[in-house]
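Colleague: Sequence:
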Amino acid sequence: MRSRSEPPVETVNFHLWQPCNMRCAFCFGVFKDVRREVLPAGHLSQTGATEVVLLLARAGFEKITFAGGEPLLCPWLPDLVRIAKQAGMVTNVVTNGALLDTEFLDDTAGSLDWITLSVDSVNQTVLRNIGRTLAGNPMHERQYRSLSRMVKTAGVHLKINTVVNRANLQEDLSSFILDVQPQRWKILQALPIRGQNDRRIGTMAITAEEFHRYVQRHHHVTRVGIAMVSEDNEAMSGTYAMLDPAGRFVDNVDGTYRYTDSVLDCGVEKAIGQVRVSRQRFLARGGRYDW
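Going by the working numbering, the sequence shown opens with residue 2, and the numbers climb by one from there.
Calculated from the structure, these hints are not laboratory results. Treat the hints with caution; some may be incorrect.
[Unchecked claim] Derived pair list, reagent style DSSO-like, types lysine-lysine, alpha-carbon separation capped at 27 angstroms:
#1 K271 with K64
#2 K153 with K64
#3 K271 with K33
#4 K86 with K153
#5 K187 with K33
#6 K271 with K86
#7 K153 with K187
#8 K271 with K153
#9 K64 with K187
#10 K86 with K64
[What the hints assert, rightly or not] Pairwise CB distance ranges (calculated):
#11 E235 with Q171: 22 to 28 angstroms
#12 D291 with L55: 24 to 30 angstroms
#13 C267 with R214: 40 to 46 angstroms
#14 T208 with G239: 17 to 23 angstroms
All residues carry an ideal CB built from backbone N, CA and C; glycine is no exception.
With the sequences and hints as input, model every part of the structure.
Modeller: See the structure below:
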């Protein structure tokens, strides 16, 4: 039972960096509105981002996920990871992998607990259709396999995120997943968010039934101990504590983003009180696990 002074959930996602080096059609973390209306650079200063991390730790969050955009574009990300770890939080970075290298893993050694690698497909044609390319070039399956091995060799837990959409709906990722053996594989249904991806997601969207068929088709990977977690659109609504690049909590319950005051201005407790986050549904989607 969480006390009134604690946040409703133990984990928080900080989308600290709006810029991205890829253009995935289904991306719901574009935050162009934030850059246009609030934060012209698309991110806080290093000092501001550091203060956000410390405020989140003091508020009682146990685990922080750094996301974007693409967080590895942030030159002071290693510093934030170290600060978060020193403040007592479990640390995670979500990345498309294009900039992930041994230098980053060395810089964050002992402070980085998880890397979440976004792998929607290992088929280059599918990746092009999605828009998951770097300067028009998709990554190759062998790169994803190499990155996965590199992460595990560094002693960092590996998580794979896969967003299921019209382009990759029929693909079978079993062989890849069984080869790289992530500790956790999260499968998500492409989520439409007005003002973020509604102009692009169009033909990429799939039904809940199609999504669950994809999940069932891959369920056999759990037999070797891989923790597979699936989240359809309903499970993703109102179950995350999520901050935008300006340090504001984000509410997605109404199918669009509604922003709170910045935690830098009013503190975490007041800001998170302005969003709807269901602890019961957070637990139901597997948000609390042995991290």
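Colleague: What are the numbers of the hints the structure violates, in ascending order?
Modeller: 8
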